[in-house]
Amino acid sequence: MTTAAAPLRVTWVQPEDLVGHELRQAAEDGREAAALARRWRAAGGRGPPKTASGCGGSGAAATRRR
Numbered sequence: 001m002t003t004a005a006a007p008l009r010v011t012w013v014q015p016e017d018l019v020g021h022e023l024r025q026a027a028e029d030g031r032e033a034a035a036l037a038r039r040w041r042a043a044g045g046r047g048p049p050k051t052a053s054g055c056g057g058s059g060a061a062a063t064r065r066r
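In terms of this note's numbering, the sequence shown opens at residue 1 and continues consecutively.
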């Protein structure tokens, strides 16, 4: 007898990982998101990332094309 396998998450990006990015973008766009950000953090969610780049910083010179 076989049992059903647990569902497998196929994506590397998880929705809860994107909330901080969206809250940061909302603030940069001038949209009011402070109340939502407070609720998110109170529920244990992470704050916005320190930087908006994918490399975690301003980008090393060695990784840039000229």
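Derived from the structure by calculation, the hints contain no laboratory data. Some hints could be false.
As the list claims (entries may be wrong) - Simulated crosslink set (EDC-like; lysine to aspartate or glutamate; CA at most 20 Å straight-line):
| id | residue 1 | residue 2 |
| --- | --- | --- |
| 1 | Lys50 | Glu16 |
| 2 | Lys50 | Asp17 |
| 3 | Lys50 | Asp29 |
| 4 | Lys50 | Glu22 |
| 5 | Lys50 | Glu28 |
A quick note: this is a predicted structure, and the numbers were derived from the prediction, not measured.
For each hint, the structure was consulted:
At roughly 17 Å between alpha-carbon atoms, Lys50 and Glu16 fall within 20 Å of each other, so this suggested pair holds. Of the supplied pair hints, the one linking Lys50 and Asp17 holds, its CA atoms being roughly 14 Å apart against a limit of 20 Å. A threshold of 20 Å between alpha carbons decides the hint, and for Lys50 with Asp29 the separation of about 16 Å falls inside it, so the pair holds. Proximity of Lys50 to Glu22 is assessed by CA-CA distance (about 13 Å); at most 20 Å being required, the pair is judged to hold.
A hinted pair counts as satisfied when its Cα atoms are at most 20 Å apart, and Lys50 with Glu28 qualifies at roughly 13 Å.
Every hint from the earlier list agrees with this structure, and none is contradicted.
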